[in-house]
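Take the sequence shown: its letters are residues 1 to 718, numbered as in the numbering used here.
Hints in this document: simulated from the structure, not taken from any laboratory. Because the structure is a prediction, the values reported are computed rather than measured. Glycine included, each C-beta is placed from N, C-alpha and C at the ideal position. Treat the hints with care, as some may be off.
[Claimed, not checked] Simulated restraints on C-beta separations:
#1 Arg715 to Asn494: 16 to 24 Å
#2 Ile363 to His520: 49 to 57 Å
#3 Arg174 to Trp297: 25 to 33 Å
#4 Lys338 to Gly633: 27 to 35 Å
#5 Asp690 to Glu655: 15 to 23 Å
[Said to hold, decoys possible] Straight line, CA to CA, 35 Å or less: simulated DSBU-like cross-link-like pairs of lysine-lysine:
#6 Lys305 to Lys383
#7 Lys480 to Lys435
#8 Lys352 to Lys662
#9 Lys187 to Lys549
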Amino acid sequence: MLADYLKIGKNVLGVKIEADVDKEIQPLFINVLDLDDKSLLVTDKNWKAAPIEIDGWLEINFNDENWAEVIVSEDRVKPEIPAMELVAMMKDFAPEKDPELLEKASVWATHSAEYVFTDDLPVKGQDVIRGLTGRNQYASAQLAIRSEEDILALEIEFSDLLQKDGDAVLDRSRFYYNFIDTWYMPKNSTETPQSLLVKQAPAPMPDILSENIIANIPKDYTKAVFLRFYVPEQTPAGIYEGHLTLKTVGATRDVPIEIEVLPIDLPDETNIKVTIWFQPDYIVQYNDVIKYSDEFWSILEYYAKVMAEHRQNMVWTPLGLVDLVYDEDGVLQGDFSKFDRWIEIFFNEGFKYIELSHIGGRIGDWTSPFAYWQRSAYNPQTKSSQVVPLADYVHVVQEHLREKDWLDVAYIHVADEPVPGNYPSWIALAEEVKKGAPDLKIMEALHYTQLSDYLDVAIPQLDYFDQNRRRLMQEQEEGKIELWFYTCWLPQGNYPNRLLDYPLYKTRILHWANFIYDAHGYLHWGYNWWRAFEVGYAPGDGWIVYPTKDNMIPSIRYEAMREGLEDFEYFLMHANKTQEIAKELGAPLKGDERAKEIAKRVMPALTRYTDDPLEMLEARERLLREIVELDKGPKALVITEVTEDKVLRYDTETEVEIYAEKEAKVYLNGVLLNEISDGYFKATAYITPDNNRITVTVVKDDKTKTIERIYTNWRIIN
1 MLADYLKIGK NVLGVKIEAD VDKEIQPLFI NVLDLDDKSL LVTDKNWKAA PIEIDGWLEI
61 NFNDENWAEV IVSEDRVKPE IPAMELVAMM KDFAPEKDPE LLEKASVWAT HSAEYVFTDD
121 LPVKGQDVIR GLTGRNQYAS AQLAIRSEED ILALEIEFSD LLQKDGDAVL DRSRFYYNFI
181 DTWYMPKNST ETPQSLLVKQ APAPMPDILS ENIIANIPKD YTKAVFLRFY VPEQTPAGIY
241 EGHLTLKTVG ATRDVPIEIE VLPIDLPDET NIKVTIWFQP DYIVQYNDVI KYSDEFWSIL
301 EYYAKVMAEH RQNMVWTPLG LVDLVYDEDG VLQGDFSKFD RWIEIFFNEG FKYIELSHIG
361 GRIGDWTSPF AYWQRSAYNP QTKSSQVVPL ADYVHVVQEH LREKDWLDVA YIHVADEPVP
421 GNYPSWIALA EEVKKGAPDL KIMEALHYTQ LSDYLDVAIP QLDYFDQNRR RLMQEQEEGK
481 IELWFYTCWL PQGNYPNRLL DYPLYKTRIL HWANFIYDAH GYLHWGYNWW RAFEVGYAPG
541 DGWIVYPTKD NMIPSIRYEA MREGLEDFEY FLMHANKTQE IAKELGAPLK GDERAKEIAK
601 RVMPALTRYT DDPLEMLEAR ERLLREIVEL DKGPKALVIT EVTEDKVLRY DTETEVEIYA
661 EKEAKVYLNG VLLNEISDGY FKATAYITPD NNRITVTVVK DDKTKTIERI YTNWRIIN
């Protein structure tokens, strides 16, 4: 096993060796391989290992003139060693310096919405790292590197990016890179056809954004790098150019960068509610800290920071943080010191909402009834511990939230995922919660969706959301509920999900669905449930970050989720701007029609959406460019009877309405239109597969605006 571990990826210089704790002494078999798979050291049965660690053994250097020095690392993370120091250590095994090494390698750029696999072959014509972005956000991309020779100790440096035809600069101090490490995926999702999976298990999945700033790349192995370029608010619009430099032993290579910055600012605030549950016990286990120690709270602060950077704004808060006790008068009291510290850590990072954990659960199998998870408290009057009635328990929590001025942003769960077979017991618990805490809102992840009379936030699993969305959306419109959706290991198949063996863009497009279907929130249970490394029903379901010795690191799926939430903000920005202009021009629009039209071109249904991430990115670009144009004069809005997202099966006529500023001239496909009333124009356009573009030109004074609709979704019936 050790030899295999050293071999996979061929970039591990050493590991901590632990003997079997059940044996006093045992043979220690090690095979140390070089990058060409040649054995440098092979032990035999005379080598022994003991289960008791010897003081200072980690500092021992195992030197021999016939093999390279082995570096021992406590946590299996390759130490970061400068290239020249590494060469000196390797002695006779060091590669010869080749100044052309990186120039001979294949290096290509791609976007951030797809995996780059270790067996991917070079792609020609993608020599420039490109991005298009708003401001107050990161522009992301990937770089792939593959060589016919080993590349040792590769690192990256950035230049500043300089505005083309201008003086502005994007500062390289806000640029970051992560080599993407792989997680070994032992099996695939259990309910998804092979044709829909991005990779067949077993396979190494490039998901981990490594902390190491230096990487070794074995020959004939593709290594991906995740790149982020921060663009501050108010950065002048334009194209910014520069390069990054790949550096290794005796060789360098520059790769050009071109980022287009648009004059729009991504808002700081996330305008849907987002929560992913995390397990503090795994912080204790994987980071080897004592629960609620200073080290624990420090790690939690880092969690809050990373979550906020990825646009999460609701904090999962275990009710076990509250210690209950009866006072001398027999009145129930709560010690909320840990509870308050927990919430304040996240609120300090910009979180807005509190999600209280469940008060009950199933008493048996999946369809069994729910019951209250009883809490006990010591009562000095009886000098014994007694069960706290549920209504009393939640009342104490409600009143503390009220005292802290947190009640309006707090929600509580009753019991997870009620189904048709046990929902009556869920209702009974919910009524008891409302009895004790009538002002505390109830949220729940649902399989059974007929519970709107008993909760405030309905969160059906995405497939149940799909099946019941018309009724649920109507209930939301009537003010009965707030509607979200959630995913877990289900749904699978054609539904989007953030599973590790799904195409990466499916993680991102989930939040396009939030916008299209007016779902005001997203919930997932699996942030750091690392016991799920065993996979269960679907790889990646239980985690979207990975443990390190001292903390955790994000995955590329987490970055895709962040970008999906940013896309949501741009859709909402388009809708809000359109609504303002519609009100000004007197157009009968809610505001979100055009933004949804753009989104639905890519995602016409929850189980029907593009399988090409470039199509998704092209739609995003169109969205951002339209936002920019909305602010420019002359102001105008176009409404077409036939929208771009519709499937067209034959040549089609469509009514075109234009609302424009008064005294503007309007042309449809080059023909001047007569004004029907102040600022209102109407005409008919004929579209075919060969003549699939509608062009509206609006002219006022010295300003001209062009608005287009392009129909590409043809299914011609012969």
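Hints, one by one, checked against the model:
1. Our hint of 16 to 24 Å for arginine 715 and asparagine 494 holds, since their Cβ atoms are close to 19 Å apart.
2. Separation of isoleucine 363 from histidine 520 is about 32 Å and departs from the stated range, judged on CB atoms against 49 to 57 Å.
3. A hinted range of 25 to 33 Å holds for the C-beta pair arginine 174 and tryptophan 297, which are about 28 Å apart.
4. Between lysine 338 and glycine 633 the CB atoms are about 56 Å apart, so this pair departs from the stated range of 27 to 35 Å.
5. Roughly 21 Å separates the CB atoms of aspartate 690 and glutamate 655, a value that falls within the hinted 15 to 23 Å.
6. As the CA atoms of lysine 305 and lysine 383 are separated by approximately 44 Å, the hinted pair breaks the 35 Å bound.
7. The suggested pairing of lysine 480 with lysine 435 holds, with an alpha-carbon distance near 19 Å, which does not exceed 35 Å.
8. A distance of roughly 43 Å separates the Cα atoms of lysine 352 and lysine 662; the hinted pair therefore is violated under the 35 Å criterion.
9. A threshold of 35 Å between alpha carbons decides the hint, and for lysine 187 with lysine 549 the separation of about 26 Å falls inside it, so the pair holds.
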